[in-house]
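J.: Sequence:
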Amino acid sequence: MPQAKLRAAVIGAGWYAAANHIPVLASREDVALDAVCRLGPAELARVKDHFGFAFASESYEEVLARKPDIVVIASPHQLHYAQAKAALEGGAHVLCEKPMTLDPVEAWDLVRIARETGRHLLVSNGYQYLPQVEDLRRRIADGLVGEIEHVMASFISATRDVFHGDRGLDSWKTTFFRPDRSTWQDPGQGGGFAYGQLSHSLALMMYLTGLEPVAASAHAFARDVVDLADSGALKLNTGAVASISGAAAMPQGNRGLMRLFIAGSGGVLSAEFDRDLCEWKTHDGQTHRLDIPSGDWVYHCRGPVHALCDLAQGRGTNQSPGWIGAATTSTIAAMLASSAAGGAPQQVYSLKGEHR
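With the first letter of the sequence shown counted as 1, position 45 gets the number 45 in the numbering used here; the numbers rise by one all the way through.
In case anyone wonders, no lab produced these hints; they're calculated from the structure.
A quick note: this is a predicted structure, and the numbers were derived from the prediction, not measured.
Any given hint could be a false lead.
As the list claims (entries may be wrong) - Heads up, simulated DSS-like pairs for lysine-lysine below, C-alpha to C-alpha not over 27 Å straight-line: (1) K281 x K235; (2) K48 x K67; (3) K67 x K5; (4) K5 x K48; (5) K85 x K5; (6) K48 x K85; (7) K67 x K85.
Work the whole structure out from these sequences, hints included.
T.: Below, the structure written as structure tokens:
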């Protein structure tokens with residue numbers, strides 16, 4: 001007897017959900033597009049008809065009342081908590097866009113709820129799913145560079161025109177929907193580079209190292225009301241230290257510059273995602289390099305959506321788990337609070353007890 005298809009719901013069918021999440025779901029033979037939610041009757045009807053959803057509503061409660069198996073949440077950041085909480089408690093496995101929430105307490109509460117309900121909670125961080133990244137994580141955990149003492153992460157992305165002004169929205173004129181300035185340029189909705197982009201490099205750093213920030217000191221640069229560049233110093237849970245920085249400055253049409261450097265007692269590793277390059281040097285004088293085919297590390301976010309579908313069927317691995325999403329939210333909140341306080345160190349909120 002053929003296995004029933006996973007019934008998928010998408011809450012917040014905006015520009016990125018329509019460009020990435022929904023097409024990935026639609027490409028899978030084991031998934032049925034059951035329900036979609038977004039504001040705007042005309043836009044809602046358009047996305048329902050184009051992708052072939054069985055049901056559409058401006059109410060996420062009506063969507064969740066259909067008891068979907070999997071839910072993708074891609075609504076404005078400040079709405080994630082209530083929607084993800086309801087989805088998890090309703091029995092669905094959930095993929096939440098980053099940042100998972102804007103409030104650290106809410107983020108860690110989602111981790112708790114997922115654990116207690118036995119549901120999978122993923123965050124939409126695509127770097128962790130690129131080829132050989134999981135293998136690299138295992139090698140680092142096995143002591144590739146010894147005990148980690150310092151990490152440096154930098155990300156410069158082509159997002160300036162999303163966070164500042166309006167001329168750049170023409171770059172999205174061929175997409176199904178265009179980014180909404182009222183979301184990305186509003187600090188009350190988590191607009192700005194830190195929540196929108198630094199969330200990528202923080203998540204990747206934590207995934208590769210397994211380490212978690214416990215304190216942060218940072219400064220942010222803004223031209224209007226949201227940050228366009230951020231730089232911070234972090235203390236990690238083992239006593240190691242890290243520096244994290246980034247800016248919305250890369251010209252359109254170029255790969256984002258994502259680079260991590262990990263220094264340990266046994267050597268130094270560099271991972272340059274914009275160059276498909278990863279090498280490490282050890283104290284025996286050797287230099288080693290991963291064989292990464294050209295273009296393999298070009299960013300895309302298909303991996304988290306596929307992982308959601310696989311995990312819901314009892315296979316695959318969660319390479320963007322909820323605890324990393326929560327720790328990312330907590331770290332960004334601490335960094336922005338530090339910047340507002342002139343760089344004064346801030347503690348990073350975390351869930352007490354086992355959370356991984």
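J.: Run the structure past the numbered hints and jot down the numbers of the failing ones, going up.
T.: Violated hints: none at all, because every hint is consistent with the structure.
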